[in-house]
Amino acid sequence: MWPRIRSATVVARYSSFENQSKGPDTTKLQEAAYNSQLAAGLPISELARTLFVQTDGAIPLRCCASYVHAIQNMDWFKAAFTAHGDPVVVVGGRGSSGADAAQRRVKIDTNDRWNPSRCEHACLHELARVVTPDRGSDGELREPAHGRDSSRGHHHAWRANFVFIVRMTLGKQAALRLRHEFCQWGLPTR
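With UniProt numbering applied, the sequence shown corresponds to residues 1 to 190, in that order.
Please note that a few of the clues may not be correct.
Stated by the list, open to error - Below, simulated PhoX-like cross-link-like pairs (lysine-lysine); rule was C-alpha separation at most 25 Å, straight line: (1) Lys78 x Lys28; (2) Lys107 x Lys78; (3) Lys172 x Lys78.
These are calculated hints, taken from the structure and not from any lab test.
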């Protein structure tokens, strides 16, 4: 269907850089989620090409905020995530990118803002974290909060929402590659 992108070389090249920014407390499932995303070789959208303007160094946070808010304002996003129509706060800084659904905050770290493609993928990844609660409709945690069975928020529901968001922003082929890589890394989305 498409060329196999997940080679040991590709993952090794990116994993060492990724894991430096993610820290030593990264779980195996969390690492598999990051590696899946990298191995999928996601493209960059025209929206990101337009909004992510680098002048001197990292992409400015205001560009990241404009991108995230533009996605939130799209009709498909409003229809799919009705409770998340209000703009999230986008912040930056050192350390890893992250999201806090309760505070409606997305953090895009400096390392993820050196390249438009990486910045877009971080924005989509963290936006999926904001719209996907760690507890199901029954109030139960979707996965253990800690330990080897924890993916630190990269659970099945997050993966399904991330694939959907990727499909709507980057296209069907990108979503199929991402879903395929999640499955290859032992993280099903169905």
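Evaluation of the provided hints:
1. Between the alpha carbons of Lys78 and Lys28 the distance comes to roughly 33 Å, so the proposed pair goes past 25 Å and is violated.
2. At most 25 Å may separate the alpha-carbon atoms for a hinted pair to count; Lys107 and Lys78 meet this at roughly 21 Å.
3. A threshold of 25 Å between alpha carbons decides the hint, and for Lys172 with Lys78 the separation of about 19 Å falls inside it, so the pair holds.
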